[in-house]
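Each protein sequence line maps, in turn, to chains F and X.
Going left to right, the first sequence walks through residues 0 to 325 as numbering that gives the first Met the number 0 numbers them.
Going left to right, the second sequence walks through residues 0 to 375 as numbering that gives the first Met the number 0 numbers them.
Just to be clear, a hint being listed does not mean it is correct.
[Claimed, not checked] Here are the computed lysine-lysine pairs in the DSBU-like style, where the Cα-Cα straight-line distance is at most 30 Å:
# : chain 1 : residue 1 : chain 2 : residue 2
1 : X       : LYS63     : X       : LYS1
2 : F       : LYS173    : X       : LYS129
3 : X       : LYS2      : X       : LYS20
4 : F       : LYS307    : X       : LYS371
[Unchecked claim] A partial selection of chain X residues facing chain F, derived with a Cβ cut-off under 10 Å:
# : residue
5 : ARG91
6 : ARG192
7 : ALA196
These aren't lab readings, by the way, just hints derived from the structure by calculation.
Quantities reported herein were computed from a predicted structural model and do not represent experimental measurements.
Heads up, the beta-carbon is just placed ideally off N, CA and C, and yes, glycines get one too.
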Amino acid sequence: MKIATTDTCVFLEENGQVFTLLEKPTLPDYSNVTKRPYFSFYYSEGETIWERLSGSMAKFEDLCHDDPYLGCYALILSCLYPLLLSDNRAKNLAAYGAGTDCMAYRVIQDFMTFLHAGSALTALALSPFSLTAISPCSCAALLYRLDTCPAPAAVCDAINRIKPGGLLFLYTIKETVPPELAALCTHAQKDSFGPCTLYTLTADEAVMDFARENGSESFVLARASEITRRADDLRYLIQGILTGAALPDDAYFIAVTILQQTEELLLSLYDYLENDELPVHANALKEAVLNYDVEVRRSCGLTVYREKLTQISEMFFAAVEQEFLA
Amino acid sequence: MKKYKMCMIPAYPLENVQLLKDRVILPYVCYRLFGESFSIVTQSTGDYPYLSYLEGADFIPLPKDRSHMESAVSYVSAHSQDIDLLFLFGARGEYMELARTYKSLRPDGVIYLKLDTNIDWANAYPLHDKNFSVFLEDCDIISCEIRRLQSFLYKKWLRPVEYIPNGVYYPLYPEAGDVQLANKENMILTVGRLGTAQKNSMMLLYAYALAFPSLKEPWELVMAGSVTPEFQADYDRFCREFPPLAPHIHLTGNISDKQTLYQYYKKAKIFALTSRAEGSPNVFPEAAIFGCTVITTGVDAAPDMTDSGRVGRISPDPEDVKGFSRELLSLCQDSDYLARNFHEIRTYMQSYFDYERLAGRLQVLVELQALKRRQS
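Go ahead and model the full structure; you've got the sequences and the hints to work with.
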């Protein structure tokens, strides 16, 4: 894939196919915008925004010619262009999924700085935590490489960092998006050329509602409530087991099933837990229930399992309370 | 609960002695508890007299025209319908294809992987290898023999890892039931391949030598097991250097007859383990059910073996001869503790290391996984 520029047009070429990325806007005084103080900071003489844009596209070619995402970068910059020029305010952008040393991001940053010295493109580390580290509704746009982290919760977290009306650029070189994101992508403008596809989503009310409902915060809250509900069920069952109350025949099996599910739920929240031992505590409680069950079945008269079950269950419920209810 | 058709396949051809170790015994006890059939599938390495202990087990020798694991994969391909529960031993790369093959043919089947791990292994699993990660996902139940490694791996792999220690199958040790404190002698016993770097056998000799002058009563040191030529030479030199000790130290040589070994366990008050690095040694539970108080270096399983020092002693540094000697001496001189611990350690073993109990726990875990597989 190649990026080609002329005096009035930027386009992508591949196998004889051409995709027009951008045509030079016909603003009456467009060639004079470098006179404005914001833009004269770096290049006080001569270079116009269009020339700089063409130069940036050429830099993509130079620095990223082996990068399969080359077309995506060109698509992104062409779609960013109107946003960056929409007003004279500095723009805060973030990018996730290509690491912090992505050359293409540096090219975009350079172009943004040319337009406004105060604009910034922050390339985030490859951890979904880096998304939640940004203040909500703080970015004018966010560039998101979908192939790195296709998890819907992470995409929604990204949307939650964008200002209302801002843009999310989801780019991919895969043919399809994950099914959980298909509905979201129907709200997007889709541009694709060759293997590269860019979904441009405007953070409108519908998109932001979707993001709020499916972001990691609501995911964590929903899981937390499932865990506390299971803990309540367990408390009831284990108390019954310890006091010899009338319980269904498969009470132990039910308790172990609930604990197994609880372990899985806790593991799914692992990165968010304050007490990282919690899933292990759940496993220890499962072990204690099973040991007690075996003792009841074998009736060897050993009291140690009852003491262990009492002690470990108290510890587990206290830890759950501390983690989710304190 | 359902009865399962069970199969155990080792990563390498099985030897006779391994038939009575954790890799076979735990699956065998599971078979006794909730199995419909049990087959041990391996290339043969010779005779298997210990099979006589495993009533009901089928021994299926694999052809030797290919590698052990290639033959095992073909076997599983042809007999997947005869395997509801597949036992694997050790998270080894050799198993990756086998597990994938089984799962592709029997998505409803259950794989139980017993890790047989230690801290070095636990840190070295190639998690970056996608095939290895798939292998771990293919394993429905994974267990670790050491409590602190279980917690470590659980959090490292972010998946349930169960704690199933290396235990004992009591029916194999009828003599352990009638062991008497009164028949115990002032004997310190160690069992293992003496002279290997791992077993650190010289340390026990020197620790004993340091303790010897302070012992109020005579104590014998019995070192059972095969002896490397290097250790034999070191031992001979040691006896020349410390002639008064020589009559009290006994090398038995390799003991293949279990009954003979059990006689030593019956007599010994103390079982000493000086290993530099070890996961969960099989000799420990054997010694413990005979009421031997364990003194060990800080091997991975030391806290489990001694209930964190309650029913045994830990001298953490495997190079600290003086420290080990101090602990050994204090044990030898504390006859009250040894007498009390004769009962304590056996109750502790019965409570936490009885394979029949552990298999009872596994039965429910297997049932849960089978249910999950059927539902999905």
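Going through the hints against the structure:
Restraint check for LYS63/X and LYS1/X: the C-alpha separation of about 35 Å exceeds 30 Å, so the hint is violated. Our distance criterion of 30 Å between C-alpha atoms is met by LYS173/F and LYS129/X, whose separation comes to about 20 Å. Proposed proximity of LYS2/X and LYS20/X is supported: the alpha carbons are some 23 Å apart, at most 30 Å. A hinted pair counts as satisfied when its Cα atoms are at most 30 Å apart, and LYS307/F with LYS371/X qualifies at roughly 28 Å.
A least Cβ separation of about 24 Å between ARG91/X and chain F goes past the 10 Å threshold, and the interface hint is therefore violated. Checking ARG192/X against chain F by beta carbon gives a least distance of about 33 Å; that is not within 10 Å, so the hint is violated. About 33 Å separates the beta-carbon of ALA196/X from the nearest beta-carbon of chain F, more than 10 Å, and the hint is not met.
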